[in-house]
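Enquirer: Sequence:
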Amino acid sequence: MNQTQKTKQPIAFYDMHAYSESQINYYVKEKDWFKETYHTFNDIDTNEISYEDIQKAVWEDELLSVIHYENLVEDLHHEFEDKKGMRVLIKGSNMTWRNLEGTKAFYLKDPMDIWDQIVPKNTEVTFNLFKTSENEYEIEMSHHDSPTGEYYNLKLNK
867 MNQTQKTKQP
877 IAFYDMHAYS
887 ESQINYYVKE
897 KDWFKETYHT
907 FNDIDTNEIS
917 YEDIQKAVWE
927 DELLSVIHYE
937 NLVEDLHHEF
947 EDKKGMRVLI
957 KGSNMTWRNL
967 EGTKAFYLKD
977 PMDIWDQIVP
987 KNTEVTFNLF
997 KTSENEYEIE
1007 MSHHDSPTGE
1017 YYNLKLNK
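Numbering (our numbering) for the sequence shown: 867 to 1024.
FYI, nobody ran anything at the bench for these hints, they're computed from the structure. Keep in mind that the hints are not guaranteed to be accurate.
Unchecked claim - 25 angstroms max Cα-Cα, derived DSS-like pairs, lysine-lysine:
no.: 1; residue 1: Lys1021; residue 2: Lys872
no.: 2; residue 1: Lys957; residue 2: Lys1021
no.: 3; residue 1: Lys872; residue 2: Lys949
no.: 4; residue 1: Lys874; residue 2: Lys950
no.: 5; residue 1: Lys950; residue 2: Lys970
no.: 6; residue 1: Lys874; residue 2: Lys997
no.: 7; residue 1: Lys950; residue 2: Lys987
no.: 8; residue 1: Lys957; residue 2: Lys975
no.: 9; residue 1: Lys872; residue 2: Lys997
no.: 10; residue 1: Lys1024; residue 2: Lys872
no.: 11; residue 1: Lys1021; residue 2: Lys970
no.: 12; residue 1: Lys975; residue 2: Lys997
no.: 13; residue 1: Lys987; residue 2: Lys997
no.: 14; residue 1: Lys922; residue 2: Lys901
no.: 15; residue 1: Lys997; residue 2: Lys957
Please take these sequences and the hints and turn them into a complete structure.
Expert: This is the structure we're talking about:
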């Protein structure tokens, strides 16, 4: 590895499509667990449950997005709970459909500030947070106004 290249450690992600697909793939392999989760299939023989049945059940599951968001919250709290009070400096690039660049600074009061200060409201979003070194992070995010992706570098200091 190049000495200047940083290792990116995944910290948190939010991507409903990828999360749903991972659930579908898991249930295809673990149909007994699928029946345990989706009780409407209890009277059906496991061998008769099709990929399409699983896919339909997962995509219609209104709680799936809630569970996925709760996982995100847990991951952000795990990473940033002990960093409350630190100053967060964000440098963004390729932002919005106009590919803007900019900076923002705030003090971390709650671990969810990492999400709330960056992610646009009321839109589908794909969000990936990586740790690149102690108190340094990268975010890759895409949404309606930036389908090709926005990129953020975060630095936390006291």
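Enquirer: Determine for every hint whether it applies to the structure shown.
Expert: Quick rundown of the hints versus the structure:
no. : hint             : result
1   : Lys1021 x Lys872 : holds (14 angstroms)
2   : Lys957 x Lys1021 : holds (9 angstroms)
3   : Lys872 x Lys949  : holds (21 angstroms)
4   : Lys874 x Lys950  : holds (22 angstroms)
5   : Lys950 x Lys970  : holds (17 angstroms)
6   : Lys874 x Lys997  : holds (6 angstroms)
7   : Lys950 x Lys987  : holds (23 angstroms)
8   : Lys957 x Lys975  : holds (19 angstroms)
9   : Lys872 x Lys997  : holds (9 angstroms)
10  : Lys1024 x Lys872 : holds (22 angstroms)
11  : Lys1021 x Lys970 : holds (11 angstroms)
12  : Lys975 x Lys997  : holds (19 angstroms)
13  : Lys987 x Lys997  : holds (24 angstroms)
14  : Lys922 x Lys901  : holds (14 angstroms)
15  : Lys997 x Lys957  : holds (15 angstroms)
Checked against the numbered hints given earlier, this structure breaks none of them.
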